[in-house]
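Trainee: The residues making up each chain are set out below.
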Amino acid sequence: MNIIIEPYILMEIFYKLVRYVPVTLAIAVTSMLLASILGILVMVIRMKKVPVLSPIADLYVLLGRALPTMIVLYIVFFALPIILMVFSESTGKKFDFNQIPAVTFAIIGLTLSTGAYLAEIFRAAVQSVEKGQMEAALSIGMTWWQGFYRIILRQAAVFAMPLMANQFLNLIKNTSIAFMITVMELFGAANVLSASNNRYLEVYVVVALLYWGTSITFEKIFLVIEDKLAFFKKGIKQ
Amino acid sequence: MGSYFSFDYMIKSFPILLSYIDVTIIVTIVAEIFGILIGCVVALIRINKIKVLNQICFFYISFIRGTPFLVQLYLVCFGLPQLIQGFGYQDIRSIPVLLFVFFIMAVHSGAYIAEIMRSSILAVDKGQLEAAHSVGMSSYQAYIRIILPQAFSMAIPAIGNNVIGTLKSTSLIFNVGIVDMLRKAELMGSYSYRHLELYIDVAIIYVLLCFAVQAVTRFIERRTILGKEVAL
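Just so you know, the protein sequences line up as chains A and B, in that order.
Letter by letter, the first sequence follows residues 202 to 439 in the working numbering.
Letter by letter, the second sequence follows residues -5 to 226 in the working numbering.
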């Protein structure tokens, strides 16, 4: 029986791959921030039933949750250059879209994909706040936006926090799909490395352990944050 | 915009891509069935806290939920043959890749279903198990005949959600050599250079499949309310 896994090789692979973990985290954090903004916007549009935008928002949430992340990334990757080409042709402005780094498409695609889930999460969170809160805010003279921002959003954030944490962990896992549109993040680097030294088992074991470790770390961080926020939680409390 | 995007090509290639849908459906169904079996077994192990297996199941669930599906897929489809080869079995090329794909998809959805089933089995009233014991049933009989059917009817919405998740995971298996719609879309795109139309077609097919799964889930839900009084 040959030696299947050598510890020295594992350490070498680990040192080569661990440099790419910050790339993955950067993509995930950027997408999460942008998707949160998008999610709040979409949720407000759906709740206020804005005439033209509301059906579009409904359609967006439906598609964003039904389509696999990879299809969204591919469509963004192929559609955006075409849109830019059409734009540059019709307005005459030259826009060199070959210079756009692939990671931009990955972030846009992941933002669109995650934003749909976050819009649903925020909708559930805002609906969990009692209706009386908004009426009370309006009755003392706040505008809808003031009432929404000062009263409802803060209470809804406590409810949404665990769900957003879960979505962030899913996002970290979804960044691994970005390697298909030639983004060099953790999984892409692993593929290149395993193709060059032909040690598929060791490389993928190390990559799996890196992702697992990152997920567990962020889980613990989110537990601490939820503990701190539990001070604001309503409900049966001791 | 004629040469940039053509509806003609989109409509022409739709039936071609649709004909590859059988691989997707079969992989989803097989993965879900075996996933439910694995999930029930793991859930029962976790509930009864059997000595060694409980820890193994805990790490199994944590690993599957903590790592991306793509990484698991590559680990099993490229890493496992190397492992098998190291153990001396030389003829790894004769093992079809589909077998590895079935295995990893069943294992992947099994972990999520284990959590779903664990919470729904715990939601069944404890008195049911005691009543079953008091009539003389063994634990195995009690679980199969009384508890699991009730747990299932509570878990159906969550399992339906999981089926949609598995369906979305099948969009990734073309990377390891399975010829499904996405591989065909890639091949067609590489000689016609009209990638966008092809991927929009694939997106439409996936949305239709999701709707179909949702409709089936709602149908099953309605048929298995088991006489529970619903608030509506």
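Rather than coming from a laboratory, the hints here were simulated on the basis of the structure.
It should be emphasised that the depicted structure is a prediction, and the values quoted were computed from it without experimental measurement.
Even for Gly, the Cβ is constructed at its ideal location relative to N, Cα and C.
Mixed in with the good hints, there may be bad ones.
Label pairs and their computed distance ranges (CB to CB) [unchecked claim]:
(1) B:41 / A:300: 53 to 61 Å
(2) B:9 / A:286: 22 to 30 Å
(3) A:334 / B:132: 47 to 55 Å
(4) A:286 / B:185: 46 to 54 Å
(5) B:121 / A:328: 28 to 36 Å
(6) B:113 / A:414: 23 to 31 Å
(7) B:92 / A:399: 53 to 61 Å
(8) A:329 / B:88: 42 to 50 Å
(9) B:202 / A:299: 52 to 60 Å
(10) A:424 / B:96: 31 to 39 Å
Trainee: Output the numbers, in ascending order, of every earlier hint that fails for this structure.
Mentor: Per hint list: 4, 7, 8 and 9 violated.
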